[in-house]
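Join the two chains, each given in its own frame, into one complex according to the hints.
Note that the protein sequences, when read in sequence, are chains A and B.
Numbering follows this note's numbering, with no gaps: position 58 of the first sequence is 58.
Quick note, this note's numbering runs 320 ahead of the 1-based positions in the second sequence.
A couple of the hints might just be wrong.
To be verified - Simulated crosslink set (DSSO-like; lysine-lysine; CA at most 27 Å straight-line): (1) 124(A) <-> 347(B); (2) 580(B) <-> 319(A); (3) 276(A) <-> 582(B); (4) 286(A) <-> 574(B); (5) 477(B) <-> 183(A); (6) 580(B) <-> 276(A); (7) 82(A) <-> 164(A); (8) 353(B) <-> 286(A); (9) 582(B) <-> 258(A); (10) 580(B) <-> 306(A); (11) 319(A) <-> 574(B).
Please keep in mind that the hints were generated in silico from the structure rather than gathered at the bench.
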Amino acid sequence: MSDIFVLAEHRQGELREVTLELLTLAGELGGNVVAVLLGSGVDDFATKIAGYADKVMVVDDPMFANFNAMAYQAALVELIKKDKPGLVLVGNTSQGVDLVGSLAVELEVPFTTDAVAVSMEGDKPVVTRQYYGGKINGTINFKDADTYVVGVREAAIPAGEGGKSGEVTKVDNPVTAEITARKFLEYVEAAIGDVDITQSTLLVSIGRGIREDKNMPMIEELAGLMGADISGSRAVVDAGWLPTDRQVGISGKTVKPKLYLALGISGAFQHVTGMKGSDLIVAVNKDPDAPIFQYADFGIVNDLLKVVPALIDKLKEIKG
Amino acid sequence: MNIVVCVKQVPDTSDPDTEVHIDSSGKGVDQSKFSFVINDADNFAVEEAILLKEKHGGEVTVINIGPEGANQVIRMALAKGGDGAIRLGDDKFAYSDVVATARLLQSALKDIQYDLVLTGCLASDDGYGAVGVTLAQILGVPHAAYAKTVEVVDDKKLKVGRELEGGLMEMNEIELPCVLTIQTGGNEPRYASFKGIREASKKEIKVMDLAATGLAEDQVGEAGSVAVMTEYSVPEVGELAEMLEGDPAETAGKLGNILKEKGLV
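This is chain B alone, in the form it adopts within the complex (with noise of 0.2 Å):
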């Protein structure tokens, strides 16, 4: 079963020292002390397609669009058992809306033979969470999003667990050739060894501009975007809590005696 999965390199927000701050344009936010990191859902769709590798054999390739120093997470994947890669790298691919995304990733896949199409469900920066129901759509594939679980059932088809709000399973089964979009905490993402990273170094990453993916100038970037994000703003913030002051000892201590009065210890 040849595979392709989507990566896309995200700020690590989850770093407490990442400050988010707005840039002079209104519509980007200062990258410049950003640490970059594969997108949390990313990493799950990775190991889901090299676990499938793995039992059912056939190829990953790993797509992503980005700037060159997006190399990174893609060589990681790489290393874990991703067996070619293509970087879908072009200025004009800035500011592309969901759609847009899509279209870049619809024309990387048009010289691929594959049988499944993995992204993360969700991106931790813009949250959108579809371009892979997108994709499908463009494909002329069918799709399921939130995939937790994913099994073959045979050469045309996939029984895949759809996660729902709390926590309930949606079981569905899914013909071949599809999208679908993973779920975070369905497999255990592995460490690349370093044989593999070894061995990914040497992996070709295939880089496509925008005449590679024969599209328009006016079918990429904010040009070929139905939904463009223009401004951002700073969010009114409610109000906070009350904060308690002080060292560690200090403000244990106060908050123990805080529980103590409400009963709570």
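Bound conformation, chain A alone (with noise of 0.2 Å):
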């Protein structure tokens, strides 16, 4: 098989774990394993990349130093061209979903994005991808082309512990005009707020199950009978209910806590990737085939709004 361009992803002078899992995948998928670096005094991440790859290809140059969508795709678009590899792998992340489409289509190549699971059936490879927030799968089938760019999730496919030495090779950046269309300008960080969830012992978390503002106070007695914080999912935050910096998921905090209480949580990826390290986690929900069974250790297949007054008496006899 030919070569499998694997687009190393880093921010804020980290190298992201993505990065090792796109590496390990191409890895067991077969063909000659190429990193691609875009950075600017990234030489270390190259050495660490080099344990998972058969070839580091650097291209050091001030305009990669933060990401830009257009700068990344103007570079990798010439790269592409001139090696010809077989796929392109790219993480589904707010990095790779910025670049995937607009790259494929100017490559005039197939593309798609949020795989879970990539194989290859000759040269063509076949793409599992989630549907319906995760109730189904579904197959993608490429038309024939020289070169796939396939977006792969995040965490969906674990680390390996590399194990090839690759070759780090600098090239010139191919890109020799400025971009101008787009600037990056600064980060700006969350803001942090009363509580650090991520600290938490204990947490009850609400999804959109609560339906209502208005059922909050019982989820706050609850979670003050239980000397428990309060987190979320993206919909409570969104709604406005829970401040930003209690959102557990992706996008918001990964938490460990003794505890995960989960109450009216369907357990899409982009949440449970924040929780699912939790210690114990208890779930309620009212639909029996919601993804978040499969991470809990206990469930309730019911409405949060009966179980929750039930579980606060419960609470406060036990307490006496």
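Set out below in structure tokens:
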């Protein structure tokens, strides 16, 4: 098989874990694993990545100090046209999502996003994706092409141990014109609130199942009785019922409490990624097919609005 | 500033009664019991479009690809402040992949003078999260995905905050015209007023079929697609939780005892 390009991802001086996941996947698929690292002063990353790749191609230029989809695309188009890899893997992250569709269209090659599994049939990748909130899977069939671009979900494929020792090669930046249509300005850190849920021992976490703002007092009473902090899913934060710093998941916090009590949370992967490391997970959800039950230790299939008042009574009884 | 906002009608999968069953074709799902809603992220895109219009003037055009039943989500966007609407409706558009979908949207844009195109960042049904970015490349304009804050700098550029992992915001300056895919939570989608709903019922929804798009049959639908979902399957389910059975009091009782045994209460 021909080369598999893997786009390395980094941010604020840190190599992102998804890079090693993609390289591991590329190694499992066979073929020559070529890590493509666009950055500025990234020798440390190149050394680390070399353990997972047959070759590391580094384009070191201040243009790539911070992610800019247009600069990345301009460079990748040239590198891909030159080496013609059979497959290009990119993380389905806030960087990859900003890049994959436009990159593939410019290259005039097939692509798909958010793969949870990739295998090869000859020279062609076969991609499994999730549909309808993870309730069913679907298989993507590509039209024949010389190159395919696939965005792969973060944390879907565990990073292995590496074991390769690829050669690190510096490549001249193929982008000669300044990118002016889009400019990176700065990062703005997420606001810090009164409670740091990453340090909480007990979390009562709420999702869409709470339905209305007016149901919050019972959650507060339950959390108060337990001495727990309150966190929630994206939907609840979007609705303004909890502040942003209480959001658990990919775009929020990763938490590892002793108890994670998930109330009315369906368990979309974006959420689960942020809480699956909790010691004990208990889920209450009306939907017996909710993915959260695959991650929970104990489950109750019922409406949280019925279970929570009963649990409050029970806890009062226990406390005497 | 003239804004186009693309909206998709999706099954309400947040409703636990919405069961998803694969149909006999193997590449569709039984939609007979679905209730349909506007895609969540698109709802935030509509609100962003109307907020920008209220602040900076111009017109908002709503574009949808869907059957006649999708008119309900289009009308709701019109009721909130949209000025005109186009629905790309033709059975031949079914099974379009991301690229064919973006091509269809481009065909609807060809007669519109726009400064900004907004889409939701992700559809809750198929989850590609790629149409907006793909459309930008087809249109030949810059883009930014996961936009949560949008500020007009001047009539040539925007300042856009993209939401990254962990809630970090990446601020960018981007030239107009451009495409932004809007993340949820950056605004508070309004409810339509009765007056708005009444007025929206009188607004025209222009329907475009294949002939009206000017596209060939092999540029749309499955024929025009390069990455087609060909087969649905039921995922392997991991080991499930130990389920606590009974009425709410019984299950709460069992849970309370477990938490006590484990020293958590």
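Checked hints:
1. 124(A) <-> 347(B): The given pair, whose Cα atoms are some 21 Å apart, holds under the 27 Å limit.
2. 580(B) <-> 319(A): holds, 10 Å
3. 276(A) <-> 582(B): holds, 19 Å
4. 286(A) <-> 574(B): holds, 18 Å
5. 477(B) <-> 183(A): Between residue 477(B) and residue 183(A) the Cα gap is close to 11 Å, so the pair holds against 27 Å.
6. 580(B) <-> 276(A): Judged against 27 Å, a Cα distance of about 22 Å means the pair holds.
7. 82(A) <-> 164(A): holds, 24 Å
8. 353(B) <-> 286(A): The given pair, whose Cα atoms are some 18 Å apart, holds under the 27 Å limit.
9. 582(B) <-> 258(A): Holds, at about 10 Å.
10. 580(B) <-> 306(A): It holds: about 21 Å lies between the C-alpha atoms, which stays within 27 Å.
11. 319(A) <-> 574(B): holds, 15 Å
Of the numbered hints listed earlier, not one is contradicted by the structure.
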